[in-house]
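Asker: In order, the protein sequence lines correspond to chains E and F. Read in full-length UniProt numbering, the first sequence has 55 at position 55, and its numbers run on one by one without any break. Read in full-length UniProt numbering, the second sequence has 9 at position 9, and its numbers run on one by one without any break.
Errors might be hidden in some of the hints.
Pairs involving identical chains hold if they fit within one copy or between any two copies, as the list cannot separate such chains.
What the hints assert, rightly or not - Below are the SDA-like pairs computed for lysine to any residue, each with C-alpha atoms no more than 25 Å apart in a straight line:
id : residue 1 : residue 2
1  : K46       : A165
2  : K46       : T134
3  : K46       : G73
4  : K26       : P102
5  : K26       : T183
6  : K46       : P25
7  : K46       : E88
8  : K26       : T80
9  : K46       : A109
10 : K26       : R139
11 : K46       : E123
12 : K46       : E86
13 : K46       : M105
14 : K46       : A166
Simulated from the structure, these hints should not be mistaken for laboratory data.
2 protein chains.
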Amino acid sequence: MTTQDRLIESTRTLLWERGYVGTSPKAIQQLAGVGQGSMYHHFTGKPDLALAAITRTAEERRAQAEAQLGGPGTAVERITAYLRREREVLRGCPVGRLTQDPDVMADPALRRPVEQMFAWLRERLAGILAEGLTAGELRPVLDPAATAATVVATLQGGYVLARAAAATGPFDQAIDGLLGLLTAAATSAPGSAA
Amino acid sequence: MTTQDRLIESTRTLLWERGYVGTSPKAIQQLAGVGQGSMYHHFTGKPDLALAAITRTAEERRAQAEAQLGGPGTAVERITAYLRREREVLRGCPVGRLTQDPDVMADPALRRPVEQMFAWLRERLAGILAEGLTAGELRPVLDPAATAATVVATLQGGYVLARAAAATGPFDQAIDGLLGLLTAAATSAPGSAA
């Protein structure tokens, strides 16, 4: 890893473990094994480092989602693959958790990658759902954009329920329930939609 | 308000604004206008105060939910009334947010009221959905417990999406999408379920 990469990865770790307020430039340098001069050579300061760290986390989640969403299969199959992929449920979503960090949310530059990741995900899912509607796989009563927001919300809220219970069961139930609703909204035979 | 109430309300405010780690016994006393001796007369310390504060918050949310869930109407009508009730969306859910407070989640006594509130809510919703299934209002393909988890997750995740966007729109969309799915799962005429 380059010095710059080590600094970004250290910032990601500290943001995750201690939040923005608990992440000091000194701690970043120590964890990265990088001196102060070198850090300020690469980054203007903590906000700049945090932006690079948050942007990288958001891009990783986006790539992870695309792995299933861009895969083969029908709309419901791709969404199912995405919802069912292995996750560290009790740790939660590293992007979603940033919405609970008041310092990150208060800074428009730091909030932007979080907002953009969720906007991208909702749009991607809405596009897939729209394909499913066009293909007659889903009944035309569903609104793709609203349904896409429900899919993302169920995941994010599933993490909340799992953390509350200190168990993954409620997350799995929320996903099961969503897939049950999507199945109920599916047409019995593709192409048969009115 | 009694001295005890003032201490609990001050603890709730501070937990909300600063989290567990940022809530000091001294700050609680100052905000409540209560001396140290009086505080320790009523509570054994910060964990005891936090437990009383979290329990009260959880009970309030439960009573708020019951106001709609225990109201008149069909299963879908009552769930719709609950989902559509006025909320301070950008502030988020005071109980859900506690799941992101590492000190609260690490203490089983402090986590318990959070877990119990969500367990109660899921069970209450599952009961209502089961009524809807029995009445033939919903198609029998739905699993009441799983669908109930999806309803609670959509709300909690809706807050996450709204905070990420600094706008209530994504929350409203997630609710719209969920109600669209529930409508799609409804039987066209009550009593006609196979």
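Asker: Hint by hint, say whether it matches the structure.
Answerer: Taking the hints in turn, this is what the structure says about them:
For a Cα distance limit of 25 Å, the shortest separation of K46 from A165 across copies, 23 Å, qualifies, whereas the shortest one inside one copy, 34 Å, does not. Taking the shortest Cα distances, K46 and T134 never come within 25 Å of each other, neither inside one copy (47 Å) nor across copies (57 Å). Taking the closest pair of Cα atoms, K46 and G73 never come within 25 Å of each other, the shortest separation being 43 Å inside a single copy and 54 Å across copies. In this homomeric assembly, K26 and P102 come within 25 Å of each other (Cα to Cα) both inside a single copy, at 21 Å, and across copies, at 23 Å.
Taking the shortest alpha-carbon separations for K26 and T183, neither the intra-copy value of 52 Å nor the inter-copy value of 54 Å comes in at or below 25 Å. Within a single copy, K46 and P25 get their C-alpha atoms as close as 6 Å, which meets the 25 Å cut-off; across copies the closest is 31 Å, which misses it. Proximity of K46 and E88 under a CA criterion of 25 Å is satisfied in neither setting, with 28 Å inside one chain copy and 31 Å between copies. Neither within a single protomer nor between protomers do K26 and T80 lie at most 25 Å apart by alpha-carbon distance, with minima of 43 Å and 50 Å respectively.
In this homomeric assembly, K46 and A109 come within 25 Å of each other (Cα to Cα) only inside a single copy, at 13 Å, whereas the closest approach across copies is 36 Å. Taking CA atoms no more than 25 Å apart as the test, K26 paired with R139 passes in neither setting, with 56 Å inside one copy and 59 Å between copies. For the identical chains of this complex, K46 and E123 are neighbours neither inside a copy (31 Å) nor across copies (45 Å), given an alpha-carbon limit of 25 Å. Taking CA atoms no more than 25 Å apart as the test, K46 paired with E86 passes in neither setting, with 32 Å inside one copy and 38 Å between copies.
Taking the closest pair of Cα atoms, K46 and M105 come within 25 Å of each other only inside a single copy of the chain (15 Å); across copies the shortest separation is 28 Å, beyond that limit. Taking the shortest alpha-carbon separations for K46 and A166, only the inter-copy value of 23 Å comes in at or below 25 Å, while the best intra-copy value is 33 Å.
This entry does not satisfy hints 2, 3, 5, 7, 8, 10, 11 and 12, going by the numbered hints stated previously.
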